[in-house]
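Undergrad: In case you want the letters, here they are:
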Amino acid sequence: MSDTQTSTDSSLAAAVERLAADDPGWLADARRAAWAAYESAALPDRAQHLWRYTDPAKLLPGARALAVPGDSFGELPADYHDGTFEHVAGLAIERDGRLLRAVIDSTIADRGVVVCDIREAAREHEAITRKYFLALTQPEFDKFEALSTALFAGGTFVHVPRGVELDRPLRIAHRIGGDGLLASRSLIVIEENAEATVVFDLSTMTATDAALLHDGLEVHVAQAARLRLVFIQSAGRKLVHAPVIRCRVDRDASLETVTVCMGAGLVKSQQTTELVGKGASVKALGIVFADHRQHVDHHTLQDHLIGHNASDLDYRTVVAQRARSAYTGNLRIGLDGEGATAHQRNHNLLLHDTARADTIPELEILTNDVVCSHAAAVGPLDDEMMHFCFSRGLSPVEAKRLIIAGFLEPVVTRIPGEDLQDRVRTVLATRLAEAS
Amino acid sequence: MSDTTTETTPETTGSAPLKGAAGTGTSEPLKGAAGTVGIGDDYDTRYGFHDDESDYDFKSKKGIDHEIVEMISRYKNEPEWMREIRHKALDTFFSKPMPTWGNTKLLSDIDFDNIHYYVRASDRQSRDWDDVPESVKNTFEKLGIPEAERKFLAGVTAQYESEVVYHSIREDLTKVGVIFTDMDSALREYPDLVKKYFATIIPPEDNKFASLNTAVWSGGSFVYVPKGVDVKIPLQAYFRINTENMGQFERTLILADEGSKVHYIEGCTAPTYSSDSLHCAVVELRAMKGATIRYTTIQNWSKNVYNLVTKRAVAEANSRVEWIDGNLGSKLTMKYPAVYLVGEGAHAEVLSVALSSSDQHQDAGSKVIHAAPNTTSVITSKSISKDGGRGTYRGLVKVHRGAKGAKVNVKCDALLLDAKSRSDTYPTMEVDEDSVNIEHEATVSKVGEEQLFYLMSRGLTEDEATVLIVNGFIEPFTKELPMEYAVELNRLVQLEMEGAIG
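Sequences listed follow chains E and A, in order. Each residue of the first sequence is one higher than the one before, counting from 1 in this note's numbering. Each residue of the second sequence is one higher than the one before, counting from 1001 in this note's numbering.
Treat the hints as calculated values from the structure; they're not laboratory data. Certain hints may be false.
Unchecked claim - With a straight-line cut-off of 35 Å between C-alpha atoms, the simulated DSBU-like cross-links for lysine-lysine are: (1) E:Lys278 <-> A:Lys1411; (2) A:Lys1303 <-> A:Lys1088; (3) A:Lys1261 <-> A:Lys1195; (4) A:Lys1076 <-> A:Lys1061; (5) A:Lys1261 <-> A:Lys1137; (6) A:Lys1407 <-> E:Lys58; (7) E:Lys58 <-> A:Lys1096; (8) E:Lys143 <-> A:Lys1105; (9) A:Lys1331 <-> A:Lys1411; (10) A:Lys1105 <-> A:Lys1059; (11) A:Lys1446 <-> A:Lys1420; (12) A:Lys1261 <-> A:Lys1232; (13) A:Lys1303 <-> A:Lys1096; (14) E:Lys278 <-> A:Lys1420; (15) A:Lys1411 <-> A:Lys1303; (16) A:Lys1420 <-> A:Lys1289; (17) E:Lys283 <-> A:Lys1411; (18) A:Lys1059 <-> A:Lys1232; (19) A:Lys1420 <-> E:Lys143; (20) A:Lys1446 <-> E:Lys283; (21) E:Lys143 <-> E:Lys131; (22) A:Lys1404 <-> A:Lys1137; (23) A:Lys1062 <-> A:Lys1175; (24) A:Lys1404 <-> E:Lys58; (25) E:Lys283 <-> A:Lys1407; (26) E:Lys143 <-> A:Lys1096; (27) A:Lys1446 <-> E:Lys278; (28) A:Lys1404 <-> E:Lys238; (29) A:Lys1142 <-> A:Lys1076; (30) A:Lys1142 <-> A:Lys1331; (31) E:Lys58 <-> A:Lys1105; (32) E:Lys278 <-> E:Lys131; (33) A:Lys1061 <-> A:Lys1096; (34) E:Lys283 <-> A:Lys1420; (35) A:Lys1232 <-> A:Lys1137; (36) A:Lys1261 <-> A:Lys1196; (37) A:Lys1227 <-> A:Lys1076; (38) A:Lys1059 <-> E:Lys278; (39) A:Lys1411 <-> A:Lys1096.
Just chain E, same shape as in the assembly:
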């Protein structure tokens, strides 16, 4: 085991150099520094809540070699076929953590919106990438963020200039293949008074692809800008997915994230949001549906560094069969956080007695002029609702499906685009039918 580890590490070190050779100097330096950080960082401490439910060793490359990203994408999802920009502002296709191509509505391109691979951006848009790349991560470089920074093959870069408002979403379809180690890093910058919706749609090429994907995403929402960020993950059951998403929301800006986690065998997701200005508004919605032997672990942090702003989080989890969900969340109000309003909710439905849900909603409040609350619940379907449905003539199975669909629907409706909503509903309905 340790031999394998060593040889993999040395081949990974070589890969860092290979990748660095193609990058501008500042990025090559960042890679090397990240690799050094990765090598020297200990595995996270499992005594910490963040790692209480998922063994960090499972996210190590182990015997996996760094995969060469594929060049093909396979068939596009039906809802991407349109080819016009009637419903979308742009489409991008990503394979194994590298952007293959991106097309955006020319009227938007004319206004300076950029969607391209992050490594291309590092060369072509150096000033902006240098300013924002790793701006939200380095001080607390966690071991796995260091890994994705050292080894990323690419990623998506989205830049919406000041004052540009996109009235249709940007969609990024990302497919993963093979069983190697993959890393990517993406960056979204929404400048002052701009507005955008970005949808990340992650799946695997086949149901049996067993890759390990470490992907990092940094999101900057500047003053008075507005961003809706959607993650739909419907990968095959063998994927190991470890996303780390770091967001920063400035004065009067708003960020809404919608997370729909349905696939992969092991998910360890971390999403942190800093509120750094007054008037900022952050909403985080999530659906987790896990069945069979899926292990899904979500962590969120809403960090009110400045007050007079608001955050609201609502994660809804359904766990069936032998699946396991863990949610750890923290609401933190700093010393300068007076006037903050923060709410956090995590509700879990357990469909079978072999399913398991763990939840740790934390509060850390360092000043007093705040309004904070959190609530968590775990349980089976509500008896009264079931009885109500029976009294209207529904069968137990119908009643169950209806109630669960109703439980998830408020989040589904926040996904932009009827077509995407319907796709998510269909996947959920199929999975529910299997589970009930």
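Given the structure of chain E, go ahead and fit chain A onto it with the hints provided.
TA: Quick look at chain A alone, frame taken from chain E:
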């Protein structure tokens, strides 16, 4: 970023302080404003005094080693099995690392070599106040213990430093077979019972501070309530530390046999010193079928006491265990009273109030393990932070597979009185069973301006209004206390609140 909690959580806990229980000054609940008594001033006069130690019977050197453990055991003339447990536990204590969670900074300041692990003021225990050494008697009289006993207690144990110096129980209870004595006497007089249950609920390896307690324990209460006996009025223990750099390690074991009922109250205080003392108690409760145990603690140690206590109960079928836990004093308290619900229909109730003031961190909470069907638990935590104090709720609720029909309700509310104070909530819920109902809610807020405004429009000053609101906030707690305690607690809170606004 996130803190840790639980399973590995040492449950250190605090012991209890009762504060002068008794009927000392009946307070007028709403006085507040006029008084100029500072918080420190009041503690010093009421509890912060210390007695001369010149006539002490024995005081161990500072520091801990096998020699000290051997000495304690010999001194007490203990059976061999207990001596062995102590030595083994000391090795465990040495080998276990300090917790890596919680307030590690304060924890790392504990100097285990600068503590007297065994101190006794008197070479005998009394059943009559007149026999208690004068200085010790004066102390307890100042604290109001004898008065409380006369008024409303069924039995009293008073522990001074490491040993119980006074002990009494009403005769009618003795007649029906109730045992209420100190732990050392119990080991001599009821060796089989003690051996059968000692360290079965909190094993010596449970956590570092429980290991330390097991190695050097002295004093504490032993209670046995026979089948079907209802002890209608409370039993009480009062713990007093007098010496500087003292470590108090009492060990309490309460056994409530089938269908019985008992209410045990503990309180504690200590003199105010500039260097730290350590209090590491271990409290084990077993509620057998259909029994009810209520365990009330009013912890009011001085602000130089580390209060790291492990408290745990096992609840058998249809039994009920209630921890009523008030934390007002100490420098750092880490205490998470636990209930293991092992029999069908068992119920756990944890109701706590923590008041954190300057230089204080109350890291308290609870732990409930549902390991049987139709078990229920209710956890209510109220925390108030002021003057830069920090209040932490840290809890675990675990529902094991097969605990069908379990119901859990956890509610944590925190009130922050000023901008420097801090409140944390670290609840953990682990659910391995589908047919359960778990609810958790927490809120953090400051004193509502509307409430203040309303009360001030009725002629109250801001201080008075705040005291009233705070008293209302902790009302669910105080209403569970015997009246004398509730009055006293309200008075304490009021004192603590004086000058809080401004």
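Undergrad: Each hint needs a verdict: does it hold in this structure or not?
TA: Status of each hint after checking the structure:
1. Our distance criterion of 35 Å between C-alpha atoms is met by E:Lys278 and A:Lys1411, whose separation comes to about 30 Å.
2. The straight-line distance between the Cα atoms of A:Lys1303 and A:Lys1088 is roughly 32 Å, inside the 35 Å bound, and the hint therefore holds.
3. With a CA separation close to 23 Å, the supplied pair A:Lys1261 and A:Lys1195 stays within the 35 Å bound.
4. This hinted pair checks out: A:Lys1076 and A:Lys1061 have alpha carbons roughly 17 Å apart, not beyond 35 Å.
5. Simply put, A:Lys1261 and A:Lys1137 have alpha-carbon atoms about 31 Å apart, close enough for the 35 Å limit, and the pair holds.
6. Of the supplied pair hints, the one linking A:Lys1407 and E:Lys58 holds, its CA atoms being roughly 34 Å apart against a limit of 35 Å.
7. Distance hint between E:Lys58 and A:Lys1096 is fulfilled; the C-alpha atoms sit about 27 Å from each other, no more than 35 Å.
8. Proximity of E:Lys143 to A:Lys1105 is assessed by CA-CA distance (about 24 Å); at most 35 Å being required, the pair is judged to hold.
9. Taking the CA atoms of A:Lys1331 and A:Lys1411, the gap is about 25 Å. The hint holds against a cut of 35 Å.
10. A threshold of 35 Å between alpha carbons decides the hint, and for A:Lys1105 with A:Lys1059 the separation of about 30 Å falls inside it, so the pair holds.
11. Proximity of A:Lys1446 to A:Lys1420 is assessed by CA-CA distance (about 12 Å); at most 35 Å being required, the pair is judged to hold.
12. At most 35 Å may separate the alpha-carbon atoms for a hinted pair to count; A:Lys1261 and A:Lys1232 meet this at roughly 8 Å.
13. Distance hint between A:Lys1303 and A:Lys1096 is fulfilled; the C-alpha atoms sit about 27 Å from each other, no more than 35 Å.
14. Note on E:Lys278 and A:Lys1420: the hinted pairing holds, with a Cα-Cα distance of about 20 Å set against a maximum of 35 Å.
15. In summary, the hint linking A:Lys1411 to A:Lys1303 is supported, as the alpha carbons are separated by about 28 Å, within the 35 Å threshold.
16. Proximity of A:Lys1420 to A:Lys1289 is assessed by CA-CA distance (about 47 Å); at most 35 Å being required, the pair is judged violated.
17. Distance restraint check for E:Lys283 and A:Lys1411: the Cα-Cα separation of roughly 24 Å lies within the 35 Å cut-off, and the hinted pair is therefore satisfied.
18. For a cut-off of 35 Å, the pair hint linking A:Lys1059 to A:Lys1232 is broken: about 38 Å separates their Cα positions.
19. Between A:Lys1420 and E:Lys143 the alpha-carbon distance is near 33 Å, which keeps this suggested pair within the 35 Å criterion.
20. Taking the CA atoms of A:Lys1446 and E:Lys283, the gap is near 24 Å; set against the 35 Å cutoff, the hint holds.
21. A hinted pair counts as satisfied when its Cα atoms are at most 35 Å apart, and E:Lys143 with E:Lys131 qualifies at roughly 23 Å.
22. Taking the CA atoms of A:Lys1404 and A:Lys1137, the gap is about 53 Å. The hint is violated against a cut of 35 Å.
23. With a C-alpha separation of about 43 Å, the suggested pairing of A:Lys1062 with A:Lys1175 is violated against the 35 Å cut-off.
24. Distance hint between A:Lys1404 and E:Lys58 is fulfilled; the C-alpha atoms sit about 32 Å from each other, no more than 35 Å.
25. For the hint pairing E:Lys283 with A:Lys1407, the CA-to-CA distance comes to about 30 Å; that is within 35 Å, so the pair holds.
26. At roughly 27 Å between alpha-carbon atoms, E:Lys143 and A:Lys1096 fall within 35 Å of each other, so this suggested pair holds.
27. Distance hint between A:Lys1446 and E:Lys278 is fulfilled; the C-alpha atoms sit about 20 Å from each other, no more than 35 Å.
28. Between A:Lys1404 and E:Lys238 the CA atoms are separated by roughly 32 Å; this keeps the pair inside 35 Å, and the hint holds.
29. Between A:Lys1142 and A:Lys1076, the direct Cα distance comes to roughly 29 Å. Compliance with the 35 Å bound is thereby established for this hinted pair.
30. Among the hinted pairs, A:Lys1142 with A:Lys1331 is consistent with the structure: their alpha-carbon atoms are about 23 Å apart, no more than 35 Å.
31. Taken as a hint, the E:Lys58 and A:Lys1105 pair is honoured in the structure, with Cα atoms around 31 Å apart against an allowance of 35 Å.
32. Annotation: proposed proximity of E:Lys278 to E:Lys131 holds, straight-line Cα distance about 23 Å (limit 35 Å).
33. For the given pair, A:Lys1061 sits about 23 Å from A:Lys1096 by alpha-carbon distance, which is consistent with the 35 Å threshold.
34. Of the supplied pair hints, the one linking E:Lys283 and A:Lys1420 holds, its CA atoms being roughly 27 Å apart against a limit of 35 Å.
35. The straight-line distance between the Cα atoms of A:Lys1232 and A:Lys1137 is roughly 27 Å, inside the 35 Å bound, and the hint therefore holds.
36. Our distance criterion of 35 Å between C-alpha atoms is met by A:Lys1261 and A:Lys1196, whose separation comes to about 21 Å.
37. In summary, the hint linking A:Lys1227 to A:Lys1076 is supported, as the alpha carbons are separated by about 31 Å, within the 35 Å threshold.
38. For the given pair, A:Lys1059 sits about 60 Å from E:Lys278 by alpha-carbon distance, which is inconsistent with the 35 Å threshold.
39. Of the pairs offered as hints, the one joining A:Lys1411 and A:Lys1096 holds, with about 33 Å between alpha carbons and a cut-off of 35 Å not exceeded.
Comparing the model with each earlier hint shows violations of hints 16, 18, 22, 23 and 38; every other hint is respected.
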